[in-house]
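S.K.: In order, the protein sequence lines correspond to chains A and B.
Residue 136 is where the first sequence starts when you use my numbering, and the numbers rise one by one after that.
Residue 205 is where the second sequence starts when you use my numbering, and the numbers rise one by one after that.
Rather than coming from a laboratory, the hints here were simulated on the basis of the structure.
Keep in mind that this is a model prediction, so the values were computed, not measured.
Think of the CB as a built atom: it goes at the ideal place given N, C-alpha and C, for glycine as much as any other residue.
All the given hints hold, so there is nothing to weed out.
Okay, derived cross-link-like pairs now, EDC-like style, lysine to aspartate or glutamate, Cα gap no bigger than 16 Å in a straight line:
1) A:K405 <-> B:E466
2) B:K461 <-> A:D473
3) B:K258 <-> B:D224
4) A:K405 <-> B:E467
5) B:K461 <-> A:D474
6) B:K245 <-> A:E300
7) B:K435 <-> B:D452
8) A:K287 <-> A:E206
9) A:K332 <-> A:E300
10) B:K435 <-> A:E373
11) B:K269 <-> B:E467
12) B:K340 <-> B:D361
13) B:K322 <-> B:E355
14) B:K454 <-> A:D473
15) A:K392 <-> B:E244
16) A:K392 <-> B:E466
17) B:K404 <-> B:D452
18) A:K405 <-> B:E465
19) B:K454 <-> A:E373
20) A:K317 <-> A:E150
21) B:K454 <-> A:D474
Per the computed footprint, the stretches of chain B lying under chain A, defined by three or more beta-carbons under 8 Å from a beta-carbon of chain A, are:
22) 236-246
23) 418-427
24) 467-477
Chain by chain, the residues:
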Amino acid sequence: MRFRNPEKRKKDFKEVSLGLTEKQALKEALSCLQCKKPRCIDGCPVEIDIPKFISFVKEKDYLGGLRKIREYNNLPSVCGRVCPQETQCQGNCIKGKKGRPVAIGALERFVADYEMVLGETETPEVQSANGHKVAVIGSGPAGLTVAADLAKLGYDITVFEALHEAGGVLLYGIPEFRLPKKIVQREIEYVKRLGVKMIVNWVIGRTKTIDELIEEGFETIFIGVGAGAPRYLGIPGENLNNVYFASEFLTRVNLMKAHRFPLYDTPVKKAGRVAVVGGGNVAMDSARTALRLGAEEVSIIYRRTETEMPSRHEEVENAKEEGITFHFLSNPKEITGDDRGWVQSIRCERMRLSEPDESGRRRPESTGEEFVIEVDQVIMAIGQRSNPILVRSISGLNLWGDGYIVADRDGKTNLERIFAGGDITTGAATVISAMGAGKRAARSIDNFIMGRGEPLSQPPEPVQSQSKH
Amino acid sequence: MFKILEKHTIAPKVDMMVIDAPHIAGHAKAGNFVVLRINEKGERIPLTIADSDKRKGTITLLFQKVGKTTEALGMLKPGNKIRDIAGPLGHATPIEKFGHCVLVGGGIGSATLYPILKALKDAGNKITVILGARTKDLLVWEDKFREYADEMLITTDDGSSGRKGFVTEALKETIEKKTVAVVIAVGPLRMMKAVSELTKPYGVKTIVSLNPVMVEGTGMCGACRVNIGGKTRFACTDGPEFDGHEVDFKELENRLKFYKEEEAQALHLFLTKKKIQVTSNE
Ligand SMILES: Cc1cc2nc3c(=O)[nH]c(=O)nc-3n(C[C@H](O)[C@H](O)[C@H](O)COP(=O)(O)OP(=O)(O)OC[C@H]3O[C@@H](n4cnc5c(N)ncnc54)[C@H](O)[C@@H]3O)c2cc1C
Ligand SMILES: Cc1cc2nc3c(=O)[nH]c(=O)nc-3n(C[C@H](O)[C@H](O)[C@H](O)COP(=O)(O)OP(=O)(O)OC[C@H]3O[C@@H](n4cnc5c(N)ncnc54)[C@H](O)[C@@H]3O)c2cc1C
Ligand code: SF4
Ligand code: SF4
Ligand code: FES
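Looking at chain A on its own, in the form it has when it is part of the complex (with noise of 0.2 Å):
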């Protein structure tokens, strides 16, 4: 994979990632060994027929190979972006054992690309209207894949979303110069022909409640609202002016774009030297954002080592590259401010990691010493919560842990009508997995509205949460 200069790509906004050139690519497709037992697709939250997508690659018949994923994923661009490939299809992949595994990602990615550049995206068939009505709530991964799958079937689907676009974290939460906005956008159009409607600025639980839509005639509701609501420490000085939540700071430039104030209304605060706390995505995008904002200093503060640090691999080294420093084993306990209340610096308490426990995990221990960083800004990115307002207002649904929604793996939830996936059932986890979940949902809604589905006896068991941090 090419990635751009990072003393050039560190100003701004553009896409770090160039992709495989067609000669890269069928160099990629070639060393695929075409496994009998692919395990690369076990890797796959929503199974993938790679070795099968990847023939069409070495043939030349691009499209073909897209048509193949579509098959599977909705939004192919996306994914082969943003996939966690080294803990999923690439972690799995058989040349992986010796050496490196197939670039399975940048394959999908490049296949995706490849139409776009000839401007038109196939439409696949669409069944024709059924009648049947079905609302979906929230309009991230989850959302948009049981939208699209629906849609497909003959379903009269319209998806309400909260904010004034749709996409979800794709367009609020992972930032552009990861995924560029259009092509989110391009994949929110290819839903929407489908014939899928898209309304904004519905706050459902608020502008309408889920039984007024099951009284206007939605015969089930699928809740995909994501769980975006920040977490924080609660540590002394958390609302010191220039301390952010990451899902603020990355909500003003990513949604309201505001590194590009005044020409947008929506200010951001640009700082000299800034702190990071957390290593997940949410923490690697905060950094790269500020960096790019104008900082001069950007440290990320992890309680752990880098070893557990949840976040993309390539991320961490696109960080690194331009020029992100790190504090491992570092847990803040602190943050103190000027007399004006403006952050001062950060206090860290020094961490090593604990013998293995049961569960087999090595939890960070405080060694008593202490060290401070000068910044002035912070920003807090520990990790998410569920998003309160439409769980709130749905009474009798089980929940579990912080407001998660209990769903099965087909989505069902313990009241009727009422299906979920994505990170509002499991906990902040990743794109292709609230995919997945979405896949899964569209299949068991269609087979409850056929009365193919056998009535809940029971309330499922939790999923258990993949969030970490």
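Following the hints, position chain B with the ligands against chain A.
M.R.: Just chain B with the ligands now, kept in the frame of chain A:
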């Protein structure tokens, strides 16, 4: 797109707008707000729903022109459209039969007390309304309040209407004369702070409506966080009304200064270059 049906200037720098938004009007309750964005490049700003009409499908907003967005909003005319409005958001004011309630309004904040006044009156409460402003011209909706209030007290800093002085003096007398069950104060931060400090020793329950800077208004960003009794709460989903005795006013006052420079820059550019993007919405 949301069409503006009516627009009036009701006090210097204060405009009122009636907007066609049937689905928001359908659920609007006293104390709720909307978040709006004028156009493609606009900022999302929160405004209280000052009145709503389910039958006509309209909401009424009142706003004071303090910066770029509110100035731009003030330039729109009936027939123009606002690109995005989402709501109703925030908890509604708790409406029950409290007994004797005192509503204290300062400046434009007074208007947003209007739906609360109506609802509390309908719930069978006895109500004293205390409205304060710098000067007579800045008093809004006084006549509308008179329709529902059992008692009206007006104070102005310069004595041009009602008694000369601050709302707190009128409030103090009321609390000392009568058994007041609850005080609800909406207005400038300093006023709400002064009211809360005044009622605290009397142990009178006091509700204030906080106005931190917001971004999306649905609990997903944390921009609107406020410190209530030592705990971080989000004004858009946990509020905007909170127990005035628990609020860390100093912190909020400071947080409201966070974007001072940018706000001044945006307003200056807007007013000098007169880049009126709003015309594209006709
Ligand atoms: C900064 C960041 C970087 C990330 N990077 C990666 C990455 O590189 N790779 C990866 O795989 N994953 C990444 N993730 C995680 C991934 O984005 C999420 O797991 C995924 O988007 C979850 O999808 P979803 O459909 O469940 O919800 P979301 O994408 O969160 O979408 C939910 C939507 O529902 C809307 N909504 C909420 N409440 C309501 C309501 N009441 N009414 C109507 N609409 C409502 C929201 O506005 C939102 O648009 C990242 C997350 C963040 C925050
Ligand atoms: C829940 C809620 C309800 C509100 N209801 C109303 C209302 O009904 N009518 C009304 O006129 N205003 C209301 N406000 C305040 C309104 O949102 C701000 O005045 C508006 O965002 C200013 O935007 P601007 O671009 O015009 O000014 P900016 O340039 O952004 O700000 C100008 C000045 O206004 C102050 N300011 C900025 N943001 C806010 C804010 N959120 N609250 C208070 N002051 C602020 C700052 O001190 C700043 O110097 C409400 C705020 C909240 C949080
Ligand atoms: S969707 Fe993600 S996990 Fe599946 S093959 Fe593509 S890149 Fe790999
Ligand atoms: S496991 Fe690797 S080599 Fe085998 S089919 Fe999958 S991608 Fe090709
Ligand atoms: S405005 Fe974003 S959490 Fe309240």
